[in-house]
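Top to bottom, those sequences are chains A and B.
Mapping of the first sequence onto the working numbering: position 151 corresponds to residue 151, and the numbering continues sequentially without gaps.
Mapping of the second sequence onto the working numbering: position 68 corresponds to residue 68, and the numbering continues sequentially without gaps.
Hints should not be assumed to be uniformly reliable.
One copy or any two copies: either way a pair holds, since identical chains are not told apart in the list.
To be verified - Here are the simulated DSS-like pairs of lysine-lysine, each with C-alpha atoms no more than 30 Å apart in a straight line:
hint : residue 1 : residue 2
1    : Lys95     : Lys43
2    : Lys277    : Lys81
3    : Lys138    : Lys278
4    : Lys83     : Lys191
5    : Lys277    : Lys258
6    : Lys138    : Lys191
7    : Lys81     : Lys197
8    : Lys258    : Lys197
9    : Lys43     : Lys81
10   : Lys197    : Lys117
11   : Lys138    : Lys277
12   : Lys278    : Lys43
13   : Lys138    : Lys258
14   : Lys191    : Lys81
15   : Lys278    : Lys258
16   : Lys81     : Lys278
17   : Lys258    : Lys43
18   : Lys278    : Lys117
19   : Lys83     : Lys95
20   : Lys258    : Lys83
21   : Lys197    : Lys138
22   : Lys117    : Lys191
23   : Lys95     : Lys278
24   : Lys83     : Lys2
In case anyone wonders, no lab produced these hints; they're calculated from the structure.
Number of protein chains: 2
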Amino acid sequence: MKIALDAMGGDTGPDVAILGALAAVRARSDLEVVLIGPEELLKGRMQDLARDDAGAQSRVSVHPASEVITMEDVPVDAVRKKKDATVVVGFDLVKHGQADAMVSAGNSGATMAAAVKKLGRLPGIARPGIASFFPTAKNRPVMIMDIGANVDCRSQHLYQFAVMASCYVRLVLNTDRPRVGLLSIGAETGKGNALVKECYPLLQSSPLNFIGNVEGRDVYRGNVDVVVCDGFIGNILLKTSEGLAEAAQQVIRGEILKSWRARLGYVLMRGALAGFKKQVDYAEYGGAPLLGVNGTGIICHGASSAAALRKACLVAADMAQHDINAAIVRLLGEYQVEQDSVAS
Amino acid sequence: MKIALDAMGGDTGPDVAILGALAAVRARSDLEVVLIGPEELLKGRMQDLARDDAGAQSRVSVHPASEVITMEDVPVDAVRKKKDATVVVGFDLVKHGQADAMVSAGNSGATMAAAVKKLGRLPGIARPGIASFFPTAKNRPVMIMDIGANVDCRSQHLYQFAVMASCYVRLVLNTDRPRVGLLSIGAETGKGNALVKECYPLLQSSPLNFIGNVEGRDVYRGNVDVVVCDGFIGNILLKTSEGLAEAAQQVIRGEILKSWRARLGYVLMRGALAGFKKQVDYAEYGGAPLLGVNGTGIICHGASSAAALRKACLVAADMAQHDINAAIVRLLGEYQVEQDSVAS
Numbered sequence: 001m002k003i004a005l006d007a008m009g010g011d012t013g014p015d016v017a018i019l020g021a022l023a024a025v026r027a028r029s030d031l032e033v034v035l036i037g038p039e040e041l042l043k044g045r046m047q048d049l050a051r052d053d054a055g056a057q058s059r060v061s062v063h064p065a066s067e068v069i070t071m072e073d074v075p076v077d078a079v080r081k082k083k084d085a086t087v088v089v090g091f092d093l094v095k096h097g098q099a100d101a102m103v104s105a106g107n108s109g110a111t112m113a114a115a116v117k118k119l120g121r122l123p124g125i126a127r128p129g130i131a132s133f134f135p136t137a138k139n140r141p142v143m144i145m146d147i148g149a150n151v152d153c154r155s156q157h158l159y160q161f162a163v164m165a166s167c168y169v170r171l172v173l174n175t176d177r178p179r180v181g182l183l184s185i186g187a188e189t190g191k192g193n194a195l196v197k198e199c200y201p202l203l204q205s206s207p208l209n210f211i212g213n214v215e216g217r218d219v220y221r222g223n224v225d226v227v228v229c230d231g232f233i234g235n236i237l238l239k240t241s242e243g244l245a246e247a248a249q250q251v252i253r254g255e256i257l258k259s260w261r262a263r264l265g266y267v268l269m270r271g272a273l274a275g276f277k278k279q280v281d282y283a284e285y286g287g288a289p290l291l292g293v294n295g296t297g298i299i300c301h302g303a304s305s306a307a308a309l310r311k312a313c314l315v316a317a318d319m320a321q322h323d324i325n326a327a328i329v330r331l332l333g334e335y336q337v338e339q340d341s342v343a344s
Numbered sequence: 001m002k003i004a005l006d007a008m009g010g011d012t013g014p015d016v017a018i019l020g021a022l023a024a025v026r027a028r029s030d031l032e033v034v035l036i037g038p039e040e041l042l043k044g045r046m047q048d049l050a051r052d053d054a055g056a057q058s059r060v061s062v063h064p065a066s067e068v069i070t071m072e073d074v075p076v077d078a079v080r081k082k083k084d085a086t087v088v089v090g091f092d093l094v095k096h097g098q099a100d101a102m103v104s105a106g107n108s109g110a111t112m113a114a115a116v117k118k119l120g121r122l123p124g125i126a127r128p129g130i131a132s133f134f135p136t137a138k139n140r141p142v143m144i145m146d147i148g149a150n151v152d153c154r155s156q157h158l159y160q161f162a163v164m165a166s167c168y169v170r171l172v173l174n175t176d177r178p179r180v181g182l183l184s185i186g187a188e189t190g191k192g193n194a195l196v197k198e199c200y201p202l203l204q205s206s207p208l209n210f211i212g213n214v215e216g217r218d219v220y221r222g223n224v225d226v227v228v229c230d231g232f233i234g235n236i237l238l239k240t241s242e243g244l245a246e247a248a249q250q251v252i253r254g255e256i257l258k259s260w261r262a263r264l265g266y267v268l269m270r271g272a273l274a275g276f277k278k279q280v281d282y283a284e285y286g287g288a289p290l291l292g293v294n295g296t297g298i299i300c301h302g303a304s305s306a307a308a309l310r311k312a313c314l315v316a317a318d319m320a321q322h323d324i325n326a327a328i329v330r331l332l333g334e335y336q337v338e339q340d341s342v343a344s
């Protein structure tokens, strides 16, 4: 099992990627990681960072790529112009069977564009998308799809997101019949915008375990395994949640700093807060899988730590091993929704 | 200044409404509140709850209404059928000049429907909407519009939301030139879904202080005063935020209960947490104004406390006094956007 890891994608520099790769191969003995990036630089840093661990070092190699797509680049243009960009080279390795999956913490639009360009779409899938796990109150995550790849969707696209995310949750999380919810503004049938009203019957008559509309407040409750929405809303949901968590921390920190009593209390609560942080930490979930492309890819947060990249490599290996794509194609075949209009 | 208050709307019963009304008239000496609901019941409870305060009692009266629209009722149907419902009777008082504004913690769809039916829309306004304040990291709230009245919008509707919310923030919060942001998935022009791309130029060429697209993470940062979005997204944003806050509390509580050390820490931090809670408490913001109807109305959270209803009555008085509706009509007149298509 060989994972390609974009060594230049994250905001945190190549050392973090190298440390993530080393940690991943230590965690799973049949794993190899290929770091994609400037060969000399990466080999030099590897020497320094893995000096004491020849075993791990022997399973982390470097594949050269001379260009990097930055967060400022326009995804599709950049993928076309920068032919030797890490993310393009990485998916090329996957395409030619030289790697089983690709992991990148870079520009997510470009990662998606490179994946689609190199690997193509799965048969029958109209729109590949990005899924992401969100923590919940119940110690098991919920998968939201799409979180930003497709801003204007039709109902058939949402239906396919539900199929793809269900397969993922079933195979990677071993959830027997994942509960699928359609994100709306009221639980009752008939509540929602035009897209939701059109999608509801598709999901209801499908073989999926559709539990109906779910509201924003259900996302974090842990009563649903998969929530589908268009990528515009999914992205806003993701960013708003991150922003709310940041703002709450900032305000609480300000209040704590006002009194010695509260500061002492904070010190005593640190252990409990660490437990909370671990439960909600995105690093625990291993990034956001690209679903619907004919191959395996994972997009990580730009600020990913080595621990997050390690986890993403392990999840990518899991995804490839469980052959989630075959399961998606099979499930899609069981219940075809206006196939022609979906593919158009 | 006389405010009609729906005594039967909230989940918490008429006592809370009565206590809210009494607190409101105590806070402002020129204020009267008319409680709308079953006359005998309300008068009896008033006797008990305000026994020691004849002054306050003299400025809280009761206007009879025999029916209640529940959260389960279908808004438009219920408003048509239940002609003597509290919320219908309340807006009728406003229509006939017997009250300056109406406040309800009941079914928000029905409150909106009753307001539109009794008061009509402001001249030039295509779609009245519901605006709501959200707390931010900067100790000043941001107003989001629409939060649920209009699920499928056109760009002209979002533009009018921006006009209405700007007037509100300018007059009620005394913010000189409120910064208006368009909720999207990237700050750059040209990012977003079809609706956002269409709305962007309307806002940019308007007299509003438009600062461009804002992302989900900007909502809670306090760098923008008004955020516009369609009601489907606004409602999901609101409910997701509430759900996230609930889930985080639940998980943290679970972690704290695991250790005595953390429990002690929690006790010491209580003051700081109370400060935090006060800053983010919706009760501090006085409910969600209905904007775009030809009169004044405020919708409160179903679980509103007496303090929240008190604040809502005071804000409703402020709204009526500042004549926000006249300001909206004036500002709308300064820059007309395809008036015919908006009104259609």
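Practice prompt. May I ask which of the numbered hints given earlier this structure violates, with the numbers listed in increasing order?
Written response: Numbers 2, 8, 12, 16, 17, 18, 20 and 23, in rising order.
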